[in-house]
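6 protein chains.
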Amino acid sequence: MMKVLTFGEMMLRLKPSESKRILQSDSFEANYGGSEANVAVSLALQGDDASYVSKLPANLLGDAALGTLNRYGVNTGKILRGGPRLGIYFFEKGASIRGTNVVYDRAGSSFAEAKSDEFNWSELLKDVDYFHFSGITAALSKEMQETLLSAVKYCQENNITVVFDTNYRGKMWTPEEAQAFSKKVMPYVNVVLANDEDFEASLNIKAFDGDMKHGIDQVESFKAGMREVTKQYPNCHTVASILRNIQSVEDSQWTALVLRDGIFAQSPVYKMHVYEGVASGDAFGAGLIHGFLHDYDLQTQVNYAMAASVLKLTIAGDLNLVNESEIKSVMQGADAMSR
Amino acid sequence: MMKVLTFGEMMLRLKPSESKRILQSDSFEANYGGSEANVAVSLALQGDDASYVSKLPANLLGDAALGTLNRYGVNTGKILRGGPRLGIYFFEKGASIRGTNVVYDRAGSSFAEAKSDEFNWSELLKDVDYFHFSGITAALSKEMQETLLSAVKYCQENNITVVFDTNYRGKMWTPEEAQAFSKKVMPYVNVVLANDEDFEASLNIKAFDGDMKHGIDQVESFKAGMREVTKQYPNCHTVASILRNIQSVEDSQWTALVLRDGIFAQSPVYKMHVYEGVASGDAFGAGLIHGFLHDYDLQTQVNYAMAASVLKLTIAGDLNLVNESEIKSVMQGADAMSR
Amino acid sequence: MMKVLTFGEMMLRLKPSESKRILQSDSFEANYGGSEANVAVSLALQGDDASYVSKLPANLLGDAALGTLNRYGVNTGKILRGGPRLGIYFFEKGASIRGTNVVYDRAGSSFAEAKSDEFNWSELLKDVDYFHFSGITAALSKEMQETLLSAVKYCQENNITVVFDTNYRGKMWTPEEAQAFSKKVMPYVNVVLANDEDFEASLNIKAFDGDMKHGIDQVESFKAGMREVTKQYPNCHTVASILRNIQSVEDSQWTALVLRDGIFAQSPVYKMHVYEGVASGDAFGAGLIHGFLHDYDLQTQVNYAMAASVLKLTIAGDLNLVNESEIKSVMQGADAMSR
Amino acid sequence: MMKVLTFGEMMLRLKPSESKRILQSDSFEANYGGSEANVAVSLALQGDDASYVSKLPANLLGDAALGTLNRYGVNTGKILRGGPRLGIYFFEKGASIRGTNVVYDRAGSSFAEAKSDEFNWSELLKDVDYFHFSGITAALSKEMQETLLSAVKYCQENNITVVFDTNYRGKMWTPEEAQAFSKKVMPYVNVVLANDEDFEASLNIKAFDGDMKHGIDQVESFKAGMREVTKQYPNCHTVASILRNIQSVEDSQWTALVLRDGIFAQSPVYKMHVYEGVASGDAFGAGLIHGFLHDYDLQTQVNYAMAASVLKLTIAGDLNLVNESEIKSVMQGADAMSR
Amino acid sequence: MMKVLTFGEMMLRLKPSESKRILQSDSFEANYGGSEANVAVSLALQGDDASYVSKLPANLLGDAALGTLNRYGVNTGKILRGGPRLGIYFFEKGASIRGTNVVYDRAGSSFAEAKSDEFNWSELLKDVDYFHFSGITAALSKEMQETLLSAVKYCQENNITVVFDTNYRGKMWTPEEAQAFSKKVMPYVNVVLANDEDFEASLNIKAFDGDMKHGIDQVESFKAGMREVTKQYPNCHTVASILRNIQSVEDSQWTALVLRDGIFAQSPVYKMHVYEGVASGDAFGAGLIHGFLHDYDLQTQVNYAMAASVLKLTIAGDLNLVNESEIKSVMQGADAMSR
Amino acid sequence: MMKVLTFGEMMLRLKPSESKRILQSDSFEANYGGSEANVAVSLALQGDDASYVSKLPANLLGDAALGTLNRYGVNTGKILRGGPRLGIYFFEKGASIRGTNVVYDRAGSSFAEAKSDEFNWSELLKDVDYFHFSGITAALSKEMQETLLSAVKYCQENNITVVFDTNYRGKMWTPEEAQAFSKKVMPYVNVVLANDEDFEASLNIKAFDGDMKHGIDQVESFKAGMREVTKQYPNCHTVASILRNIQSVEDSQWTALVLRDGIFAQSPVYKMHVYEGVASGDAFGAGLIHGFLHDYDLQTQVNYAMAASVLKLTIAGDLNLVNESEIKSVMQGADAMSR
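Residue numbers (UniProt numbering), protein chains in the order written: chain B, 1 to 339; chain Z, 1 to 339; chain F, 1 to 339; chain H, 1 to 339; chain C, 1 to 339; chain G, 1 to 339.
Among the hints, erroneous ones may be present.
Any copy, or any two copies together, can satisfy a pair, since identical chains are not distinguished.
With a cut-off of at most 30 Å between alpha-carbon atoms, the simulated DSS-like pairs for lysine-lysine come out as follows [said to hold, decoys possible]:
{"hint": "1", "residue 1": "213", "residue 2": "20"}
{"hint": "2", "residue 1": "115", "residue 2": "213"}
{"hint": "3", "residue 1": "171", "residue 2": "126"}
{"hint": "4", "residue 1": "126", "residue 2": "115"}
{"hint": "5", "residue 1": "183", "residue 2": "206"}
{"hint": "6", "residue 1": "126", "residue 2": "213"}
{"hint": "7", "residue 1": "20", "residue 2": "78"}
{"hint": "8", "residue 1": "271", "residue 2": "3"}
{"hint": "9", "residue 1": "3", "residue 2": "213"}
{"hint": "10", "residue 1": "153", "residue 2": "231"}
{"hint": "11", "residue 1": "3", "residue 2": "126"}
{"hint": "12", "residue 1": "126", "residue 2": "78"}
{"hint": "13", "residue 1": "328", "residue 2": "20"}
{"hint": "14", "residue 1": "328", "residue 2": "171"}
{"hint": "15", "residue 1": "78", "residue 2": "271"}
{"hint": "16", "residue 1": "115", "residue 2": "171"}
{"hint": "17", "residue 1": "126", "residue 2": "20"}
{"hint": "18", "residue 1": "142", "residue 2": "184"}
{"hint": "19", "residue 1": "115", "residue 2": "183"}
{"hint": "20", "residue 1": "142", "residue 2": "126"}
{"hint": "21", "residue 1": "142", "residue 2": "153"}
{"hint": "22", "residue 1": "183", "residue 2": "328"}
{"hint": "23", "residue 1": "183", "residue 2": "271"}
{"hint": "24", "residue 1": "223", "residue 2": "78"}
{"hint": "25", "residue 1": "231", "residue 2": "271"}
It is worth saying that the hints were derived from the structure and are not from the lab.
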């Protein structure tokens, strides 16, 4: 079986129940997740061999985060323990015209403070076939960018496919910083994911007219941007992107475009009633990688990844708690009403 | 006051909170219900004299199930106690494109294991005017089918109206088995309910083109199927059916057709935002029976039954916790926004 | 900073969790609110100087209500304590075609039983610039109507702007009673709010064709009604109204009309997925007053007030827990999907 | 089977979760109970034929209260519906040295406002063998005292045993008022319950030295008081009393004394860790009546009643949710640790 | 590192919140556990290499049970999937004199129905050093007894230490059946655990006077029984037992005796306030095995095992969620009050 | 009315429900508190004029913390807003022999990072009569120690009584660091609180034999230590201390000693069943200050402060949600069982 390793930060997510605001809430639902951890969990639940590398504090919170990964079948043997704290983010689920709101409390975390030499890539990447990380990891510090560059260089030398989810976060760094990093890392990247504003913010490539609420109406513009990526970075054989039209927190349409080896494929458009609009990009990335691992043809790959992604929109928490057969059932348009 | 008796299995329903998956849930909401029990509760809450016959284990779970029936006014004096266990079903509420999911754990229940001679129909059906059961009861065992046949024969001899909700469950038996039973029981049935795929699976009568997501678009086809039922089974004076167009777990349209004494009536179409898509067929059946008990004209009956049915879609749990005036208020299109 | 004083009753609201019915609920979520208290809290959270006058019982429930006001920054120093009890209302949140349901248990409350001479208006209204109350307060008793008339007379003599939210409640008084009060109080009112059926029920002025589900389709008719108000009551320089088209408990469209100094302005129409349809009128009133306090131009005022109002529809409880910048963000059509 | 009728007020009890204070609580657990309703439920769960008469409002709260009685098997066919409201009480469970706290909100309830002529005793008491009521009912109003006197006179004329639980509540009336009523009613009473301070407050009979925390240490003094009762009221063949030593909310010792036909019996002393210290007197009364219904000898009766009473201290809510075999198991000192 | 394998059934435990009764509960807390699974989880959390073998259904409940084991670090790679269902037990936590109550719903489970030849012991026990099972497993069926006998024979031939927790359950089999099995299996057992009535019920050896509430007062009698075990079964080098004095569900004293290679050691006596009285025997067994794995001297072993066992009494659920350092901290009498 | 100002850090406290461990918890109860904030809230609820100075982040968490203070009547007008984050602590409530466990996540908080010159003491302490802070504040940083020294010097110059709760936290600094700070600050302190090990750790004064579980048994030794404090620091007119005997997390005895102007007084000893063992020292400090504000004689002051302190042990969360009359009721030994 092929092996995937993902690398990034795991955080405690604290969310008021239902759609309450923090101001009125006297309890929080607790989940543990993070972009790359979410990808690893998705893959493990889909039956793949997924490992995760990070650094978690050697305290009860770190234990709980680790327990989450174990629970869903991720290999956690290479995770470092130590450092000051587990990063936290507070998550206020929006409703209708009130957008979902995130308050980061992640500074000074064990992972963000980890030193480059704590990660011995020749050991960590031994026998690995796919290496996945996101722009969030890079946004944490210059040190972490160095760490990532060491990793991707090792990958290139050892024929490990590098998957980079640009995942731009405006609360963490500026477009200029993101683009500077992309410039350095993209020559080593084989598969890149860029959704919505990521193209412009992370890659400095124009893909749409700036109105994120009408992505699906701009498919051709996105295609042009995707082609530009492969032109600038010839090592990058695959560019994938989620496009959305958004009416409200609950109502939106979703489709995906993949450009692989010069050929485009688009998934069906899903009209969604969103239950929790978080981590669908991670679910998409995992679906895409699953497609590579199992040699899906291009159209199947994009359809599968999109079905995985929209399933995530129906599930509470950061993790896409579905297996392969459930994703395929959505791909095949199973009856929404059980008997 | 006329008397109704319903007969079937009652189960413990265990549901993760909100739309959580079982995999992530560390608690379950508990409800007690079952197709025929739901009908009895609906009728009792609407002011009718409703009794329920079943067999419940003589343990705390059986007590709790019994308490539920008592709470809402069902006559429970004829319920048997004993046997191994209360059946259970786990209920994962879906969201958007993720369908609702049911895991049955009902094998070996006190009711399923009950012997035919435990039910003394001449006593149980004394003074009863309407006898209701569903295909779920028949699907439990050959023995239960014998039990039902004894009951309906007694009804025919004693002028008790027999109401049969075909209620096909693919997880319990095959269409062939269901049809074999229908063949035997239908000659004794006076009122039959068949929704969606029930026509074909239970009655082996073609009523639509196989696409359950577009039932309302096929009204004429359904009418033909309903006429065919009355043709094959002349004792059956009423055939009733719910038709739906389904977009997602939350969004669907609902209407009902009733063929009574050769005349069709259709309810208005309701555009629904579904809160919990379960037991609306039972609510419909109860509404229909309530119409018979109170001599509603055909159009009022179908409208009332449909209003009862769609109200159920707004209520948590298996039971349709509404009274007659609330149903009539929906029939009359009351303002959805209170003051 | 200008000062606002609102005057009315505060109640304990008891609501079954999610959309459960009272009949099936073994717990209630507790909130403390009331039309005028809601306005005061909204203003305080938006950074204004807001005081609230009422009478709360000198028991643990009164303490809890007071704590709620303090929590969100309302000046509570003038609130009276004593009397028999805190009013209560039970709130069943509807779903789809099942309307939201309110059971009042407010008779005999400390505020409803308060005597006119307990409120010393020259002290209470000292330094106040805006005085706000609603028709709910007037509906409590003849005595309370006298109390209000004393207050508004004092306001007129002391150049305090009087804001009257007609807020008709059919469960509390008849249109005839409401209209009789309006006749007496309107000559002292400077700003009046009337939504939906309030025009006819409270002011005896025809504003629409009786179908509250299609208010937005009748803008012109509403405008005529609003002009009629200013014609009958020349002291009333501003008339404001929310208009709605309603499809279900969850789905509706919202807009607002304001007639100020003879000029109309209308807000954009918001297509809403309603989370909890309560107290949006209070949020609107607070937004309107905030506009006066900060010299917003007419169009900004109506847009701001409407944005505040629809935000309330996304928030649990009676209180509009948003600040000025969040309201402005909705006014500017911020992205509904956070990053 | 012998029949018992109890008569009194049923209320909604609202309790913060665990041992929270009202001031900090944003939800309440809801239970429906009341002294005489609790007795009826206890008897029904122990297999006896128990009816309850009261007046409940014709609203959703009244429905919910009724549902509770039905759920546990009480005959509710004679309950009146109508009137203004359901009484409420707020219940703060104490801890250690912080005593449990009750806030009444029961004024103006449907039952308290009910008129004497609404209760037709010759119909209500038809075929009844035991009639039970408490001092709480009498404390509601002079009218209710008249109602009770009519009832007990009817009982005496028709050989119905009258059980009176003095149940003094200092928040409802003064000792003088209670004693005046006792004077009138006691000549018709056959069985009287008086615990702790009830002797002095309700019956004006000295039974202990005023220190309720050391009741068990004063058994002889209680016996003297009990004898005095039978001396003053010769119709009263049985006097029963619970005696307690109290260390804290959680820790106390319990015993019971019964004087029946001139003979005393005392139950064992139970050393209790109290889970919820409410309604144990009602549980005791029900146990006592159960003993009469089943011809228990005196020692068995007092032991059974005491076991029922202390079991109530282990159960959440007002209702003693145990059956006869569970009570007998405690009587026999079953192992506290299950296997 | 030495390896431990435990073998048995895992069930879903459903428990009403706090100390509620099933009759009044509308939700259940869900945990997954079972005697041998609990031992495996304990060992894994204490840093040992623990594997678990069982058979879980291939459905969502089986997935959830598996996820629990993974979460806490147990090796689950050898667990079989398939069969009809996951066993369930309902757990009513008692209080004071109301004992904890268990309702089994475990008949027909995937594990109970598993065939002997599904377990290939030479594969399953490869490289294993300690094999642990309990009498509960044997009580499931004759087939399972055969399975166990095959296993222990393999162990004896391959120098794998066999640990047998007699764990008598009167709801599952009779003493006669248990003793018959013990006769067959004990010749292969090296370490036996027997608490309270287990000696007599499972081993037919007299160890105390029948009063389980005063075990600690009968240390000498227990020692005699333990010596008798080693006399009858010379292969059995270690006999371990928990002794308790029990006052109520919450209050009890605990100590442990171990007879190892002919020498006795006793742990300190712990005076406990029990939070949840379940699975402390499994925690004890795991502590004992941990002592063997790490070559603890006898006194340390019994002290460690007892500390682990009483810690379990403070933790919700079936699993002893503590690590080695927390157990040692209790052994050393750490301050109960944190700073 | 005299004015009190307290100064320190406020944190978000996250606690698993009931006595769950973090490892098994998927939600946290949220409270906002901190030693000095707790004192301010206590005083405000007891009717005193209490202000609090701190620095809270300008985000939703800071708003929520502020709302808590407002809710209970603390003056918050002088609180600074800004800086990186709100400190957090995770709180695992222990049970029996499992001690309560705290995980700090407070590094880098807005308050800890605040600079000395952000606090303008001549403004902040204007009109203040009592200034209170704890050793926790000093433990945060050298900078904070400087800030405190500026404050207490200002107090001495302006006749403001300085109350210093030594409150040693071994997870924050060493005894050496604490003692170095005490040396500097004590010459300005008028009232010092030192419990248990604080004497030795913070003040380097021997007060007991090192066994914190038997404080009450060492009253004389504590008295000697207290006298030594006043000898070393003549400005310090009052030394107060809580002494405990501890059996388990739930069971302990509590008393207090105060040495004021050379005279000792001791409160009664309370035998407690502890509900939540946190912040009782803060409640004690507030009670002591309340005694000064209202000129209580020494014995009343120590009795009042101790009653306030043990009441806190019965209340969930960091805040002592009781008023003056409730404290006095406990002082007077009110009946623990309500009627």
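These are the hints, each one checked on the structure:
Taking the closest pair of Cα atoms, residue 213 and residue 20 come within 30 Å of each other both inside a single copy (25 Å) and across two copies (28 Å). Proximity of residue 115 and residue 213 under a CA criterion of 30 Å is satisfied in neither setting, with 39 Å inside one chain copy and 44 Å between copies. Taking the shortest alpha-carbon separations for residue 171 and residue 126, neither the intra-copy value of 34 Å nor the inter-copy value of 40 Å comes in at or below 30 Å. Only within a single protomer do residue 126 and residue 115 lie at most 30 Å apart by alpha-carbon distance; the minimum there is 20 Å, versus 41 Å between protomers.
For the identical chains of this complex, residue 183 and residue 206 are intra-copy neighbours only, at 15 Å inside a copy versus 63 Å across copies, given an alpha-carbon limit of 30 Å. In this assembly of identical chains, residue 126 and residue 213 lie within 30 Å of each other by CA distance neither inside one copy nor across copies; the values are 42 Å within and 50 Å between. With identical chains, the CA atoms of residue 20 and residue 78 are at most 30 Å apart between copies only, with a shortest distance of 29 Å across copies and 38 Å within one. In this assembly of identical chains, residue 271 and residue 3 lie within 30 Å of each other by CA distance neither inside one copy nor across copies; the values are 34 Å within and 47 Å between.
In this assembly of identical chains, residue 3 and residue 213 lie within 30 Å of each other by CA distance neither inside one copy nor across copies; the values are 37 Å within and 40 Å between. Taking CA atoms no more than 30 Å apart as the test, residue 153 paired with residue 231 passes inside one copy only; the shortest distance there is 21 Å, against 68 Å between copies. In the homo-oligomer, the alpha carbons of residue 3 and residue 126 lie at most 30 Å apart both inside one protomer (10 Å) and across protomers (26 Å), since each shortest distance falls under that limit. For the homomeric pair residue 126 and residue 78, the shortest alpha-carbon distances inside one copy (11 Å) and between copies (26 Å) are both at most 30 Å.
For the identical chains of this complex, residue 328 and residue 20 are inter-copy neighbours only, at 20 Å across copies versus 34 Å inside a copy, given an alpha-carbon limit of 30 Å. In this homomeric assembly, residue 328 and residue 171 come within 30 Å of each other (Cα to Cα) only across copies, at 20 Å, whereas the closest approach inside a single copy is 35 Å. Taking the shortest Cα distances, residue 78 and residue 271 never come within 30 Å of each other, neither inside one copy (40 Å) nor across copies (42 Å). Taking the shortest Cα distances, residue 115 and residue 171 sit within 30 Å of each other both inside one copy (23 Å) and across copies (25 Å).
Within a single copy, residue 126 and residue 20 get their C-alpha atoms no closer than 45 Å, and across copies no closer than 37 Å, so neither meets the 30 Å cut-off. In this homomeric assembly, residue 142 and residue 184 come within 30 Å of each other (Cα to Cα) only inside a single copy, at 12 Å, whereas the closest approach across copies is 42 Å. Proximity of residue 115 to residue 183 under the C-alpha cut-off of 30 Å is restricted to the intra-copy arrangement: shortest distance 22 Å within a copy versus 39 Å between copies. Taking the shortest alpha-carbon separations for residue 142 and residue 126, only the intra-copy value of 25 Å comes in at or below 30 Å, while the best inter-copy value is 47 Å.
In the homo-oligomer, the alpha carbons of residue 142 and residue 153 lie at most 30 Å apart inside one protomer (17 Å), although the nearest pairing across protomers, at 44 Å, exceeds that limit. In this homomeric assembly, residue 183 and residue 328 never come within 30 Å of each other (Cα to Cα): the closest approach is 36 Å inside a single copy and 37 Å across copies. For the identical chains of this complex, residue 183 and residue 271 are neighbours neither inside a copy (35 Å) nor across copies (42 Å), given an alpha-carbon limit of 30 Å. Taking the shortest Cα distances, residue 223 and residue 78 never come within 30 Å of each other, neither inside one copy (38 Å) nor across copies (48 Å).
Within a single copy, residue 231 and residue 271 get their C-alpha atoms no closer than 33 Å, and across copies no closer than 42 Å, so neither meets the 30 Å cut-off.
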